[in-house]
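Fit chain X with the ligands to the given chain V structure using the hints.
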Amino acid sequence: MLKIDNLHVKLEDHDKQILKGLSLEVPAGEVHAIMGPNGSGKSTLSYVLSGRDGYEVTEGAASLDGQDLLEMEPEERAAAGLFLAFQYPVEIPGVGNMTFLRTAVNAQRKRRGEEEMSAGDFLKVVREKAKALKIDAEMLKRPVNVGFSGGEKKRNEILQMAMLEPRMCIMDETDSGLDVDAMRLVADGVNALRSPDRSFLVITHYQRLLDHIQPDVVHIMADGRIIRSGGPELALEVEKNGYGDLLTEAG
Amino acid sequence: MSDLAVKAKDAAPPSAGASKTADALAARLDVLTLPKGGFTAAARADALARLRAMGLPGPRDEYWRYTDPKAFNAPIPAPIPIEDKAPDSPLFTDLDSIRLVFVDGIFEAAESSDLSGEGLEIDLLSQADQSGSHWATDLYGVLETAGQSPVKRPFAALNTVAATEGVLIRVTGKPSKPVHILHRRASAEADVTWHHVIRLEEGAELTLLETGMVGARSNGMIEADLAAGAKLHHIAAKRAGHQKLGFSAIFARVAAEAQFKSFSLSVNGTLMRHEGVIEFVGDDAVAHIAAAVLGDGAKGPFHHDDTVFVTHGAERCESRQVFKKVLKNGAKGVFQGKILVKPGAQKTDGYQISQALLLDEDSQFLAKPELEIYADDVVCSHGSTTGALDETALFYLRSRGVPKERAIVLLVLSFLADALAEVEDEGLRSQINDRLEAWLTRRAKV
Ligand SMILES: Nc1ncnc2c1ncn2[C@@H]1O[C@H](COP(=O)(O)OP(=O)(O)O)[C@@H](O)[C@H]1O
Ligand SMILES: [Mg+2]
Numbered sequence: 001m002l003k004i005d006n007l008h009v010k011l012e013d014h015d016k017q018i019l020k021g022l023s024l025e026v027p028a029g030e031v032h033a034i035m036g037p038n039g040s041g042k043s044t045l046s047y048v049l050s051g052r053d054g055y056e057v058t059e060g061a062a063s064l065d066g067q068d069l070l071e072m073e074p075e076e077r078a079a080a081g082l083f084l085a086f087q088y089p090v091e092i093p094g095v096g097n098m099t100f101l102r103t104a105v106n107a108q109r110k111r112r113g114e115e116e117m118s119a120g121d122f123l124k125v126v127r128e129k130a131k132a133l134k135i136d137a138e139m140l141k142r143p144v145n146v147g148f149s150g151g152e153k154k155r156n157e158i159l160q161m162a163m164l165e166p167r168m169c170i171m172d173e174t175d176s177g178l179d180v181d182a183m184r185l186v187a188d189g190v191n192a193l194r195s196p197d198r199s200f201l202v203i204t205h206y207q208r209l210l211d212h213i214q215p216d217v218v219h220i221m222a223d224g225r226i227i228r229s230g231g232p233e234l235a236l237e238v239e240k241n242g243y244g245d246l247l248t249e250a251g
Numbered sequence: 001m002s003d004l005a006v007k008a009k010d011a012a013p014p015s016a017g018a019s020k021t022a023d024a025l026a027a028r029l030d031v032l033t034l035p036k037g038g039f040t041a042a043a044r045a046d047a048l049a050r051l052r053a054m055g056l057p058g059p060r061d062e063y064w065r066y067t068d069p070k071a072f073n074a075p076i077p078a079p080i081p082i083e084d085k086a087p088d089s090p091l092f093t094d095l096d097s098i099r100l101v102f103v104d105g106i107f108e109a110a111e112s113s114d115l116s117g118e119g120l121e122i123d124l125l126s127q128a129d130q131s132g133s134h135w136a137t138d139l140y141g142v143l144e145t146a147g148q149s150p151v152k153r154p155f156a157a158l159n160t161v162a163a164t165e166g167v168l169i170r171v172t173g174k175p176s177k178p179v180h181i182l183h184r185r186a187s188a189e190a191d192v193t194w195h196h197v198i199r200l201e202e203g204a205e206l207t208l209l210e211t212g213m214v215g216a217r218s219n220g221m222i223e224a225d226l227a228a229g230a231k232l233h234h235i236a237a238k239r240a241g242h243q244k245l246g247f248s249a250i251f252a253r254v255a256a257e258a259q260f261k262s263f264s265l266s267v268n269g270t271l272m273r274h275e276g277v278i279e280f281v282g283d284d285a286v287a288h289i290a291a292a293v294l295g296d297g298a299k300g301p302f303h304h305d306d307t308v309f310v311t312h313g314a315e316r317c318e319s320r321q322v323f324k325k326v327l328k329n330g331a332k333g334v335f336q337g338k339i340l341v342k343p344g345a346q347k348t349d350g351y352q353i354s355q356a357l358l359l360d361e362d363s364q365f366l367a368k369p370e371l372e373i374y375a376d377d378v379v380c381s382h383g384s385t386t387g388a389l390d391e392t393a394l395f396y397l398r399s400r401g402v403p404k405e406r407a408i409v410l411l412v413l414s415f416l417a418d419a420l421a422e423v424e425d426e427g428l429r430s431q432i433n434d435r436l437e438a439w440l441t442r443r444a445k446v
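Protein chains in written order, with the working numbering: chain V, 1 to 251; chain X, 1 to 446.
Among the hints, a few may not be true.
[Unchecked claim] Pairs of lysine-lysine, DSSO-like flavour, derived with a Cα cap of 30 Å:
no., chain 1, residue 1, chain 2, residue 2
1, X, K404, V, K110
2, X, K404, V, K3
3, X, K261, X, K231
[Said to hold, decoys possible] Some chain X residues near chain V, calculated using beta-carbon distances under 8 Å:
no., residue
4, E391
5, T392
6, A393
7, F395
8, R400
9, G401
10, S414
11, A417
12, W439
13, R442
[Stated by the list, open to error] A short list of chain V residues far from chain X (calculated; beta carbon distances all over 12 Å):
no., residue
14, L24
15, P27
16, R52
Since the hints were made in silico from the structure, they are not lab data.
We treat Cβ as the ideally placed atom computed from N, Cα and C, and that holds for glycine.
Bound-form chain V, shown alone (with noise of 0.2 Å):
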């Protein structure tokens, strides 16, 4: 489903290359974990998969179901299926969480050749779907992410991630800052979600989310790329030793 070949990254404005060679493949109905150390790229990928302005790619590529990612526009790129839980949510003030759902969720079947859904469809779906994840009316109601706790925010993704239903699901870091039973709602939703047509990159630093969302590969990423990739134990090995054992050897 999605293939990373070789990506080169560097900032547009500023002479540093972040991603220097990373290759990846996710295929479909897998879930891929990346860990890696702080400043390691990881979100800089989650970034350049998604479409956002600042980066250039000045070598590789990158493919969602063989169509070229790098060549689309970011709500193109969303529209094909690929969707990014942000590290950091945005707030927009202004703009009703009900609304700005309702706008993606129907932009992206507009561009799909699909029908819109309807205002009665959609809050139904909605509230079934925010309910699953603790996230009540009142929220719902307030501006996107606006005076939400980081928790919320995080919740607030994984709904979006819910009623946009897409294929390829980056998450990044979505657990931190979780308690555990946010934790747990997150990971029930990605849970949920899961199907043998869709695929999921978790970035974390933790070994505790994936107790909850089984990988099936891990992927140590730093400086750029993926130095190591293995099964579930390779997350248990860095949650015991931390990076410096696999850096060194990657060294």
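Just chain X with the ligands now, with coordinates in the frame of chain V:
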């Protein structure tokens, strides 16, 4: 040269600069047919004397530094062709209201409602001014005069001198329907001056809507007097053609426990200047003045100036100024806002915010916020910001599949939300929001 010019020269101090100004004023007045006035006669004569003493404004006048008054000073405005079809219908037309239609500033009885209603009386200035007495004698030009100090307002004085039409509304109760003044254009040359006087008696309430566009140039003024406990909700939605020149002013005198709220929506126009002058004369009153302005310089220059002066002359009054301007393609926005708290106006709560969203680097916002406080127990704050679109928010929306153009529209609306929130009535607010959205969407080419 007319004899007015001679008189003007007599009144002005004998300096070369002053005489030049006097000539300009004389030329400006020369082309006008000044009404003699019935009940307004004395006010008009007073205003003419004031106007001669102050002359027309120039770039050296403190409140004309950011806005060049040349096009307002010119004797005759350049004609503006009538558009074949207006881009959208006037706002609020589907509302049950007391409709007063003016075509090029002339009352159009056939399209208007009866000039009566429960709880209010309405006269036309042109008709009422044929007689020597009217309740509006105490107000016509009177609030304007009060508002001339400490800041000179020559075009407001000119308005009092030259206005040929307007409505005089006295509200005694709580009319169930709003009064809706609709302006329409018919000629390319019209240079229109209108002057409304609104008096709300104790506890009376009125919603006043103004829509439409007029003339090649217009000078429109409202003097509003709110007695104790009265409520005036004023909403102006000006749909200017691309080349329009418009001066407007609202003078409000607000008595104890009264509430004055004025919101204006401005879209386009070559040169627009709006002056809001509000004075609290009784305790515990509230006055809010707000504007949402959209300017696109793509099809010609755009310059929009809001100049506001709020005087707290009583205790425990609350004032709020909320001004938001969205500018692109070299559009220019100006905000000059002052809060004056007089000695003894304790527990004043004064707030002012002016913000511009610049959609490109060619556009410009100039703000001059001022506080002058002579009482010690007050809370006053002001802020002004100029910024570009929030790129992070834009990316966030797009990453959810919202197309760029649509995302920009949402963010612009979100920027304007605080100003729109000043429209209390939810129905009216959503009509304005929809109109803004349609306008923005039409222009959201990237
Ligand atoms: N816009 C930016 N400006 C300057 N430095 C940046 C920018 N984006 C990322 N970086 C730098 O690139 C490196 C990788 O950052 P990031 O992708 O956020 O890493 P991670 O998510 O793994 O912590 C860091 O050194 C960070 O400081
Ligand atoms: Mg990160």
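message: For a quick check of understanding: which of the numbered hints are violated here, in increasing order?
response: 12, 13 and 16
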